[in-house]
Amino acid sequence: MDWILKIKTDDNQALREIYDLCREECIAWLQNDFGLSVHDALDVFQVSVVILYDNVMTGKLSTLTSNIKTYLKGIAKNKALEMLRSRKNRIIANKYPVMAQYVFEENEKVIFEEQLSTALMSLEFLGDPCKSLLQLYYYNDLSMENITSIMGYKNTDTTKNQKYKCLKRLQNIYSEHINKIASN
Amino acid sequence: MKSSQEDIGLLEAYLKGRLSPEEKSALEVRLANEVDLNSDYSDLKVLLEGMRISVLENKLDMLKGLENSIPPVAPNENKNDSPPFFLSKKFWMAGIIIIFLAIFGWWIFKENKSHLSEESAPLFAEKFDREFILHSIERSAEVLDSLTVEQKIAYDLYAIQEFEDAIPKLNQLWKIQNDTMAYFYMGISYLATGNTSEAEKILSDNAIISNVYLKQKADSILAEYKK
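Heads up: the sequence lines are chains H and R, in that order.
All residue numbers for the first sequence refer to our numbering, where the first residue is 1 and numbers rise by one.
All residue numbers for the second sequence refer to our numbering, where the first residue is 1 and numbers rise by one.
Everything labelled a hint here was simulated from the structure, so no lab data went into it.
Computed from a prediction, not measured in an experiment: that's the story for all the values here.
Glycine included, each C-beta is placed from N, C-alpha and C at the ideal position.
Please note that the accuracy of each hint is not assured.
[Claimed, not checked] Here are a few chain H residues that sit away from chain R, every Cβ distance over 10 Å (derived from the structure): (1) L21; (2) T63; (3) N67; (4) I68; (5) E82; (6) P129; (7) L142; (8) I150; (9) T158; (10) S183.
[As the list claims (entries may be wrong)] Where chain H lies over chain R, by a calculated footprint (3+ residues, C-beta under 8 Å): (11) 5 to 19; (12) 46 to 56; (13) 59 to 67.
The task is simple: from the sequences and hints, build the whole structure.
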């Protein structure tokens, strides 16, 4: 099974299949080897599946040299150790959602947490269909033809114009929020 | 966003690493000199990461929803809040396995001790039960009463072919009670365990050959063995 291709072409179905395939073994392993509770093991496992997805979509993972379970366990191991370390150091739970925290840590010293959380908030404010259109183009890296078909637009020119307008709107919302924060 | 649609396209390609080295250098020069383009680039970088977070959070929510629709994971025995190890199933299972292995090891060791030598094995397999046991092994009170406790133990060990264990007990009977039958059995036990010289020494000893019945048996067994 070419999991990378499957993730790129049918992401939700691929994630569901990976989840079913690895869930039991990975959760038992996290409990046995790291002493995590079922609840914590489940959290680590779910986040690991999402990170696997992100690695494929951002091009960090282009070929699987090992079994999908082994790769997933590699991510889960790091996340479990991170969890145990933060408990040992009595680090208080983060105020941001778990995946936001993951992206913050990756962008540390380049982008501020506040900027990212504002961007996230602006996206929610923007809403659909703009939000979906931008995500399909920028994150899923789909072609204009694909997006046109998914979004049901007339042609690729309409999609291009729509994408530009949506990005402008998003940036305006973002700038307004950032300026408000700066003036406070 | 003040940049043109074309410039935005350039910034996107730059962020995705899709520009040629020449295009990249040219854009970097523009970014260093054009404030608006640089500002749009910074915003686009942040917004793209924001979109990434949003997608990942959606996927995580989807997995949580999926988890709620399937049977829950069974708690593991080894997790942190499980009872102390000595109360766990694994501890008892390990204990049982260790005891089993110890008994099995002891049994193997015991079995090895009574193993017949290669040379004697065929002869003993064929004739031991019929011809090499000279005392009565019937379990009648009368017969048992005629033997001392030491004799019963030593003879029984011999009869069940536990020769290594039988030899010291038979030797004691010979030395202390001058039991010729025990001495004869000791000779046969040595033969069984491959100590032929000791066996021949005993079976041709005066104490044996002075007894016509034992001499006859000893000669026949040795002759069979040497075949």
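message: Tell me the numbers of any earlier hints that the structure contravenes, in ascending order.
response: Violated: none.
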